[in-house]
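> Single-letter residue listing:
Number of protein chains: 2
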Amino acid sequence: MAKKMSETTCEDFVGALAAKTSVPGGGGASALVGAIGVALCSMVGNFTLGRKKYAHFEADVNRMLGEGESIQKDLLALIDEDAKAFEPLSKAYAIPKDDPKREVIMEKALMDASMAPLNIMRKCCEAIDLLEEMLEKGSVMLISDVGCGALFAKAALLGASLNIYINTKSFSNRAEAEKIEAEVTAMIESYTKKADQIAAAVSLKIRGEA
Amino acid sequence: MAKKMSETTCEDFVGALAAKTSVPGGGGASALVGAIGVALCSMVGNFTLGRKKYAHFEADVNRMLGEGESIQKDLLALIDEDAKAFEPLSKAYAIPKDDPKREVIMEKALMDASMAPLNIMRKCCEAIDLLEEMLEKGSVMLISDVGCGALFAKAALLGASLNIYINTKSFSNRAEAEKIEAEVTAMIESYTKKADQIAAAVSLKIRGEA
Chain A
1 MAKKMSETTC EDFVGALAAK TSVPGGGGAS ALVGAIGVAL CSMVGNFTLG
51 RKKYAHFEAD VNRMLGEGES IQKDLLALID EDAKAFEPLS KAYAIPKDDP
101 KREVIMEKAL MDASMAPLNI MRKCCEAIDL LEEMLEKGSV MLISDVGCGA
151 LFAKAALLGA SLNIYINTKS FSNRAEAEKI EAEVTAMIES YTKKADQIAA
201 AVSLKIRGEA
Chain B
1 MAKKMSETTC EDFVGALAAK TSVPGGGGAS ALVGAIGVAL CSMVGNFTLG
51 RKKYAHFEAD VNRMLGEGES IQKDLLALID EDAKAFEPLS KAYAIPKDDP
101 KREVIMEKAL MDASMAPLNI MRKCCEAIDL LEEMLEKGSV MLISDVGCGA
151 LFAKAALLGA SLNIYINTKS FSNRAEAEKI EAEVTAMIES YTKKADQIAA
201 AVSLKIRGEA
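If you're matching them up, the sequences are chains A and B in order.
So the first sequence is numbered by UniProt numbering: it starts at 1 and just counts up by one.
So the second sequence is numbered by UniProt numbering: it starts at 1 and just counts up by one.
Just so you know, the hints here were simulated from the structure itself, not pulled from any lab data.
All values reported here derive from a predicted model rather than from experimental measurement.
One or more hints might be untrue.
Since the list gives no way to pick one copy over another, a pair counts as held whenever it fits inside one copy or between any two copies.
[To be verified] Calculated cross-link-like contacts (lysine-lysine; reagent style DSS-like; alpha-carbon spacing at most 25 Å): (1) Lys84 x Lys20; (2) Lys169 x Lys205; (3) Lys84 x Lys169; (4) Lys101 x Lys53; (5) Lys3 x Lys194; (6) Lys84 x Lys179; (7) Lys91 x Lys53; (8) Lys193 x Lys205; (9) Lys73 x Lys4; (10) Lys108 x Lys205; (11) Lys84 x Lys53; (12) Lys53 x Lys97; (13) Lys194 x Lys73; (14) Lys97 x Lys205; (15) Lys73 x Lys169; (16) Lys137 x Lys108; (17) Lys73 x Lys101; (18) Lys179 x Lys194; (19) Lys20 x Lys91; (20) Lys194 x Lys137; (21) Lys3 x Lys169.
Chain A with its partners taken away, still in its complex shape (with noise of 0.2 Å):
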C-alpha cells in the first residue's frame, strides 16, 4: 500500500503542495488544515483534564476528547480520499469532447470529486461544535488555542466549499448539483456564523473587545 499522505512530513508536504501537481491541492490543504483546528480543541480538552476548576466537567470533556480524536483520524484520512478522486476527474478532462462516453465519465468524476470535500466540511462543523462547548467547558488558560481551533475549523469548511462549487457547477445533473450546494450553503451560514462567534469570545477574553 502507497504511503498515506498524512504520513509524508509537513514539510514534503507542504512542498507537494506547492508543486505543480494536481494532488493534494486545496481540498487536501483543507483536510490537513481541519485535522489542525480540532486538535487544537483536544489540546485544551487534555489541558483541562484533571484540574479542579474544570472537575464538574470532567466527564464531558472526556467525551469531547474521544469525539474530537475520532474527527481529526476522519479529516486526516480524507487528505487521501480527497486525492483518490482526482485521477479519474483529471483523465475524464482528457476525453475528446466529442467522444459520446465523455458526459457520463465526467459526471460520475465530478460528483465522486465532490464527496470528500463535502465530507470535510461536514466533519469541520462537527469540530466547530466541539470548539464551541470546548469554549464554556475547557481551561480558560488555553483560551487563544480555542479560537486558533475555531479561525482554522472555518478556513477548512470554506476552503473546503470551494472544491465543492467548482465541480457542481459542471454537473449535468442540475437537480443533483442543487441538492448538494444547498447542503454546502446551510453549512456555511451555520458554521461560520458559530466560528465568528467563538472567535469574538476568545478575542473578547483576551482583548477586552470582540
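Chain B: place on chain A using the hints.
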C-alpha cells in the same frame, strides 16, 4: 540537533498539537497553516508557467514563485522558533510570585514569546500580497486554490495575533505592548480585508456570486 517540527509527519504534528504538551500550540499551528496557504499560491504559479495564454506574465510568475518559496521556508522555520520561546515563558510562570527577579524574567519571556507570532503575521501578509497578484496573473483553472490560499493565510494571520495579544496584555512595559499591538491591529485591518476581497473574487468567478 533535534529534529525540526516541520520534519515530523503531518499525522504526528497533529497528534502532538492535540496532546498535553505546550508546543506545538496555536502559534506553531498558525505558522503551518500560513505555509499551506502560500504553498497553494506557488502551486497555481507552477501550473501557470509555460501556458501560452499566460506567457506575458511568465517573468512575474517566476518572481512570485521565488518569493513564495522563501515565505514558505520562513513559515516552516517559525514553527520551531515559536516553540523555542515557549519554554522560557513557562519557566517564568513557575517562578514564585514574590520572587523579586520574577518581573524582569517574565517581561523578557513574554516579549520573546511575542516575536515568533509577530513574524508569522508579517509573513502571512506577504503571502496575501502574493495571492492577490496570483489572482490576477495565475491560471484561472486553479482559481479555487488561490481562494483556499487566501482563506488559510487569513486564518493563520488571525491565529498568530491571538498568540501575541495573550502575551502583550501581561507586559509591564505598556508603551512596548502598545507599539506591538498597533502593528498587529494595522496588519489585521489591511490584510483580512485584502484576503476577504481575494476570496470574494474567487467565489464570484466560481459561483457567479460573491
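> What hints, given by number in increasing order, does this structure fail?
4, 5, 11, 15, 16, 17, 21
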